[in-house]
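Trainee: Sequence:
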Amino acid sequence: MGKYLVLWEVDQTKIPINPKERGEGWGMLMAMVGQDIKKGITKDWGAFVGESSGYAINEGTEIEVMKSLQQFVPFCIFKVYPIATEGQVNEMIKGLTG
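Quick note on numbering: the working numbering labels position 60 of the sequence shown as 60, and the sequence is numbered without any gaps.
For the record, the hints were derived by calculation from the structure and aren't laboratory data. Just to be clear, a hint being listed does not mean it is correct.
[What the hints assert, rightly or not] Label-pair restraints from in silico Cβ distances:
id : residue 1 : residue 2 : range
1  : Q35       : L5        : 19 to 25 Å
2  : L29       : A84       : 16 to 22 Å
3  : I15       : Q88       : 35 to 41 Å
4  : L5        : G95       : 20 to 26 Å
5  : S52       : G95       : 57 to 63 Å
6  : M92       : T61       : 19 to 25 Å
7  : G87       : G34       : 18 to 24 Å
8  : K20       : P74       : 29 to 35 Å
[What the hints assert, rightly or not] Calculated pairs, BS3-like style, for lysine-lysine (alpha carbon to alpha carbon, straight line, at most 27 Å):
id : residue 1 : residue 2
9  : K79       : K39
10 : K20       : K94
11 : K94       : K14
12 : K3        : K94
13 : K67       : K43
14 : K38       : K79
15 : K94       : K67
16 : K67       : K39
17 : K3        : K38
18 : K94       : K39
19 : K67       : K79
20 : K3        : K43
21 : K79       : K3
22 : K39       : K3
23 : K38       : K94
Computed from a prediction, not measured in an experiment: that's the story for all the values here. No residue lacks a Cβ here, since even glycine has one placed at the ideal position from N, Cα and C.
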C-alpha cells in the first residue's frame, strides 16, 4: 500500500456564478471527501484559504487512489506525488552504503 500527496485544484470553468449553485456543488464535493475519509483512503485533507485548491494525503494501492480521484473529474485537476516513508529512505541509504 502506498501513500500519496495529492494537490487538487477546482477547475474554474466548472464553478457556477450563482452562489446557491456554487454552494451545492461544494457540498457535493465535500460529501465525497467525507466518504473517502470514512473509507480510510484519505488520511488528511485541507483547502488553502482564499483559493479553490488544496491537498490530501491518500493511502492505498494505485488503483484505489485512481478510483477515488476519478469521482471528482471533471471538477478537479490533480497532481499526485508518491511519498517514501522514513523506513523506505533508510533502506535506500543502506543500498548506497551497503
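Trainee: Name the hints, by number, that the structure is in violation of.
Mentor: Numbers 2, 5, 7, 8, 10, 11, 15, 18 and 23, in rising order.
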